[in-house]
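Chemist: Which chain is which? The protein sequence lines are A, B and C, in order.
Using my numbering, the final residue of the first sequence is 311, and nothing's skipped along the way.
Using my numbering, the final residue of the second sequence is 743, and nothing's skipped along the way.
Using my numbering, the final residue of the third sequence is 926, and nothing's skipped along the way.
Please keep in mind that the hints were generated in silico from the structure rather than gathered at the bench.
These figures come from a predicted structure and were not determined experimentally.
One or more of the hints may lead you astray.
Keeping only pairs whose Cα atoms sit at most 20 Å apart, straight-line, the calculated SDA-like set for lysine to any residue is [said to hold, decoys possible]:
1. C:Lys797 / C:Asp861
2. A:Lys30 / C:Pro835
3. A:Lys120 / B:Glu629
4. A:Lys39 / C:Asp861
5. B:Lys331 / B:Glu701
6. A:Lys231 / B:Glu629
7. B:Lys631 / A:Thr119
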Amino acid sequence: MALSNRHLLGLDGVPAEDISKILDTAESLKTILSRPIPKVPTLRGITVVNLFFENSTRTRISFELAEKRLSADTVNFTSSGSSVKKGETLKDTVRNIEAMKIDMVVIRHASAGTPYFLTKCINSVIINAGDGRHEHPTQALLDMMTLREKWGTLKGKKVAIIGDIRHSRVAGSNMRGLVTMGAEVLVCGPRTLIPPGIEEMGVHVTYNLDEALAWADALNVLRIQLERQEKGLFPSIREYHAEYGITRERLKRFDKEIVIMHPGPINRGVEIDSDVADSDASIILEQVTNGVAVRMAVLVLLSGIDAAHES
Amino acid sequence: MNFAKTDNLLLAGGEIIDIKSGKHEKVDIVIQNGKIDKIGAIEKKGFNGQIIDASGCIITPGLMDMHVHLREPGREDKETIDSGCAAATAGGFTAVACMPNTTPVCDTQEVVRFIKKKAEKLLVDVFPVAAITKGRQGKEITEMAELIREGAVAFSDDGSPVADTAVMRNAMDYVKMFDVPIIDHCEDPFLAQGGHMNEGVMSTKLGMQGIPNAAESLQIERDIQLSRLTGARVHIAHLSVREGVELIRRAKDEGLPITAEVAPHHLMFSDQDLVNYDTHLKMNPPLRTPEDIAALEKGIKEGVIDVFASDHAPHTIEEKDVEFDAAPFGILGLETMLAIILKQIVNRNIISLHQALEKLTIAPRRILNLPLPEVKEGYEANLTLINLNEMWTYDVSNSRSKSRNAPYNGMTFQGKAVGVFNRGLFESNFSQ
Amino acid sequence: MLKIKATIIDQAGLERTLTRLAHEIIERNGGAVGIALIGVRTRGATLAERLVKKIETIENHKVPLGILDITLYRDDFRKRLKQPCVQVTDIPFQLDEKNVVLVDDVLYTGRTSRAALDALMDLGRPASIQLAVLIDRGHRELPIHPDYVGKSVTTSLGEEIQVRLMENDGEDCVLLVQSPEEA
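Sequences and hints are given; from them, build the entire structure.
Modeler: This is the structure we're talking about:
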């Protein structure tokens, strides 16, 4: 096996060597994307199912493109509600799909731990495309790839994740991956959106955005969901923007270039202003390009036949 | 189940353990017509009846589990009164109190009567707990006087809290007239909403919505205050948080009529065991932290906790074999409770064997105003035989419960109930 | 340690062979204009680099040089226990209308060359593709035929050819060795 686990369920416990290997491979694969024929036959004959139990056009398209660039056969299964509502359990759904001869499953689900649950139900390789508020490993990998391209290394770099940490699988995977790769991580947001005991994951915490800006080399600005306000986790979009919104004026107070990232989709004028999102310091579009490359790398590295598993 | 009649029976060579003093006494017991006829040294040779070799076993008053879900009426696919009681006997219990969250809810005389009728011929005494509010909706109190008359021994909306403090106050005021306890599932529904596990570092790591300790301790505090206001007896079900232990300790010091139970799984596992998202470790209250377990142990040692109760909660395989969020709360417990208490509490010298047995036999019956069984001549033969040295492995596929949702599968324990005697019936040498 | 059975080409021999190959390439293409050399990673790339220098010395014309990584095109990619590292293909010029000389160290089953041809086709439309190899050891499994051969060597299946180059391995030579699994 190319990586130490045959699935990618998260970045928790994934060693630095594996992360480096994925990022190195992704950098090589990225060159394919700009070729006249941006396609290689590597995964010919491999069938990948994209099981999306939650709406996510971006991640699904990114995975689908990555699969197609590698010549895999792809099938999409999209169901916004839980399939339980239709009288079929998740286990039955995936077993049925696997019975159609599937090699790899990319899964997005609203419940944390579902990718792990799938490894107990079926034999296919499982790739987590986001489980609840737990992990979203390929997003963190593409974030790290983009930062590494920018800086050459992640070691000793300071990345601040801003916003709704509590409900963010992007934060969940970024914290783990960045800490593994020797970067420093700080999370910043209103107290209602910072989960308890997060310091034990090896990150710093602040509720003060200026403190975060003074500290950081890069910001990963998370999308703020309107429903969080409805649940009373912060009083208004207006106040959120005033306290935690990334604006040009705010950044100007600090005499340094801070790299700006955002996992998308952006709420312009809420968590980040347009002129910041579109500024030279922003690497948001590189993130999107790298997303395809990273997902290709993960697919390629997990596609190898595990000798032990075969026998 | 087929039980043998306890008639003309010699229980030879066992040791009676006195719950009050802990004194062991090696004696023989003759049971005639379901009653303890004679205790002493009995000559086997001349005995004209069945002889059961109890050597190496201790004999205690029959164990009682005051918190089980028998699921009948309504969810007979999960458990029936029959199957639940079979599991109870395998676990060494001669009595259970069953919770009212059935379909229909046990909030009418008919349902109480139905349960009593179903359990009539069983070895196990089944004591229905009726709902505090109609339909367990938390709004109007049930016809408590009539329910008690029909056989309800306590009131609880278990599975749900009574969120409305005024409703709970009325229930306590009303029930105080009959000196019957309220058993409360303490949970602030607003704080706990959407939670699937304990709130803390682990819920952060696992990416799940947590239920904070305060959701439980807030309602414990509320119930204590209401008990002070009304004088009603309140029994705190499945206590799991360290703050709750302190609140109950203080209430008891004050002399308030508060009692509490703890479930074996809250002593055995913590939220750190959830790393594999095992739905067999999903229950409500959720598994808490090692610090909470330590506080519960201290509460047991210092007498804050009165009772061990399993919260036996059967669910079908299909219901539990799903993603964690979608799985129902609750696990099996009747067949393993005694062994877990021996392992986690007695063998670790938190309290002595007879103190633990007191919490498994007399204490629950005292709380529920039930007659207290004793191993004495002239008393009903309501006994449990325990072999403290037997090593056994729990195989959930052989469980007598209709469900299989136990996290203990494959675990090896020391100490096992090997016989139960009650209501003129007995069963010994259980298959598991 | 691998058991070395014979030295097939030594340092001086390698120099002479590459010089001859350079001449043959120039002769066949009527000069150096319009050709491009593309080496297959890793040693094919080194050989191509050396050939480019030799052609420049002879013709005073620097032909474009590209490096091809064929990992993603291998038909045994998923089956290899140790997955090879995916590296970058670096061809900094247009392939269209070029006479491409594909350079590899050893021609054996022909599967590597097949993969290289597929990879090249995905990158553009060359006027022609020719195949230059340092060693042809036989045992072809596909209808692939080299245009330029440094040396043909008769081998058995239990043997391996090791091309060792100064840039990659610190010495110049070609060895015939016993396969590790056979030894």
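Chemist: Could you run down the list of hints and mark each one as holding or not?
Modeler: Taking the hints in turn, this is what the structure says about them:
In summary, the hint linking Lys797 of chain C to Asp861 of chain C is not supported, as the alpha carbons are separated by about 28 Å, beyond the 20 Å threshold. For a cut-off of 20 Å, the pair hint linking Lys30 of chain A to Pro835 of chain C stands: about 16 Å separates their Cα positions. Among the hinted pairs, Lys120 of chain A with Glu629 of chain B is consistent with the structure: their alpha-carbon atoms are about 15 Å apart, no more than 20 Å. Proximity of Lys39 of chain A to Asp861 of chain C is assessed by CA-CA distance (about 11 Å); at most 20 Å being required, the pair is judged to hold.
Of the pairs offered as hints, the one joining Lys331 of chain B and Glu701 of chain B is violated, with about 25 Å between alpha carbons and a cut-off of 20 Å exceeded. Taking the CA atoms of Lys231 of chain A and Glu629 of chain B, the gap is near 32 Å; set against the 20 Å cutoff, the hint is violated. This hinted pair checks out: Lys631 of chain B and Thr119 of chain A have alpha carbons roughly 16 Å apart, not beyond 20 Å.
Against the hints set out earlier in the document, violations occur for numbers 1, 5, 6.
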